[in-house]
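Protein chains: 2
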Amino acid sequence: MQLGRLNHIGIATPSIEASVAFYRDVMGAQKVHTPFDLPAQGVKVCFVDTPNTQIELLEPLGEGSPIHGFLAKNPAGGQHHVCYEVPDIHEAKAWFEAKGAKVLGEPRIGAHGTLIFFLHPRDMGGVLTEIMETPRAEDGH
Amino acid sequence: MQLGRLNHIGIATPSIEASVAFYRDVMGAQKVHTPFDLPAQGVKVCFVDTPNTQIELLEPLGEGSPIHGFLAKNPAGGQHHVCYEVPDIHEAKAWFEAKGAKVLGEPRIGAHGTLIFFLHPRDMGGVLTEIMETPRAEDGH
Chain Y
1 MQLGRLNHIG
11 IATPSIEASV
21 AFYRDVMGAQ
31 KVHTPFDLPA
41 QGVKVCFVDT
51 PNTQIELLEP
61 LGEGSPIHGF
71 LAKNPAGGQH
81 HVCYEVPDIH
91 EAKAWFEAKG
101 AKVLGEPRIG
111 AHGTLIFFLH
121 PRDMGGVLTE
131 IMETPRAEDG
141 H
Chain C
1 MQLGRLNHIG
11 IATPSIEASV
21 AFYRDVMGAQ
31 KVHTPFDLPA
41 QGVKVCFVDT
51 PNTQIELLEP
61 LGEGSPIHGF
71 LAKNPAGGQH
81 HVCYEVPDIH
91 EAKAWFEAKG
101 AKVLGEPRIG
111 AHGTLIFFLH
121 PRDMGGVLTE
131 IMETPRAEDG
141 H
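Residue numbers (full-length UniProt numbering), protein chains in the order written: chain Y, 1 to 141; chain C, 1 to 141.
Hints were generated in silico from the structure; no laboratory data involved.
Among the hints, erroneous ones may be present.
Because identical chains share one entry, a pair is satisfied inside a single copy or across any pair of copies.
[To be verified] Straight-line C-alpha distance at most 27 angstroms; calculated DSS-like pairs for lysine-lysine:
(1) 99 to 31
(2) 31 to 73
(3) 73 to 102
(4) 93 to 31
(5) 73 to 93
(6) 102 to 31
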């Protein structure tokens, strides 16, 4: 397997609205996408473009959101995960399992509409890592 | 100011040697640069290429390294900072100061040989943020 594009960095925030204002007014983001809910993962999501990758802002959605625990430790928000693209999600899952890395659950549809899974940070040098099948160009992502 | 390229994500590690083996053998990195010491910042540095950005591995160098505190909290390592490019470091410093963000020290030479500064995470949504003047093409970085 080859290390793929860094699709995005995931940034947790207590407020997407406040973070969008920050990225637009302080960081100078030129393109902020429309926020949307991803109930299956317990998050509200908003993508912000950089010239070569994206920032994925994550706000808790619902009581069981995995972001609550992160924000309890980091009330202002912070770096939550990184996401790399792969051409085939099932091949990638088999690859990481063969390397002894803990795959967290089965591949499921992620924020860009393609299959994703997460890898446990303990096997990833302390970095919560998302693996995502590369969106096809015709998907418009 | 416009949000620039994500030049790299900074990942702290207790061992660059072990992390290089991980990125090469597990993550499938195709290009790992030669590690080098950056004594002025108390770090040993190693860049790993992804197709669209870089990972900057950071190991403590010396007793006063700022990475020691991070590793005390995160012994396995983890996401340390993100770095965005700007065309002019002094304009960027004035911009962020005008926005009320805390610039940590004066611009200084960073790991890619151009001027950099860091911004306090409390003003950056919890994200330790490095701002870096874009390397010129002729620098070969």
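Structure-based check of each hint:
1. 99 to 31: between (38 angstroms within a copy, 20 angstroms between copies)
2. 31 to 73: Classified as neither; 30 angstroms inside a copy, 35 angstroms across copies.
3. 73 to 102: Result: close both inside a copy and across copies, 23 angstroms intra and 22 angstroms inter.
4. 93 to 31: So residue 93 and residue 31 pass the 27 angstroms test across copies only (23 angstroms; inside, 32 angstroms).
5. 73 to 93: neither (30 angstroms within a copy, 30 angstroms between copies)
6. 102 to 31: For residue 102 and residue 31, only the inter-copy Cα distance (25 angstroms) is at most 27 angstroms; the intra-copy one is 35 angstroms.
Consistency with the previously given hints fails for numbers 2 and 5, ordered from lowest to highest.
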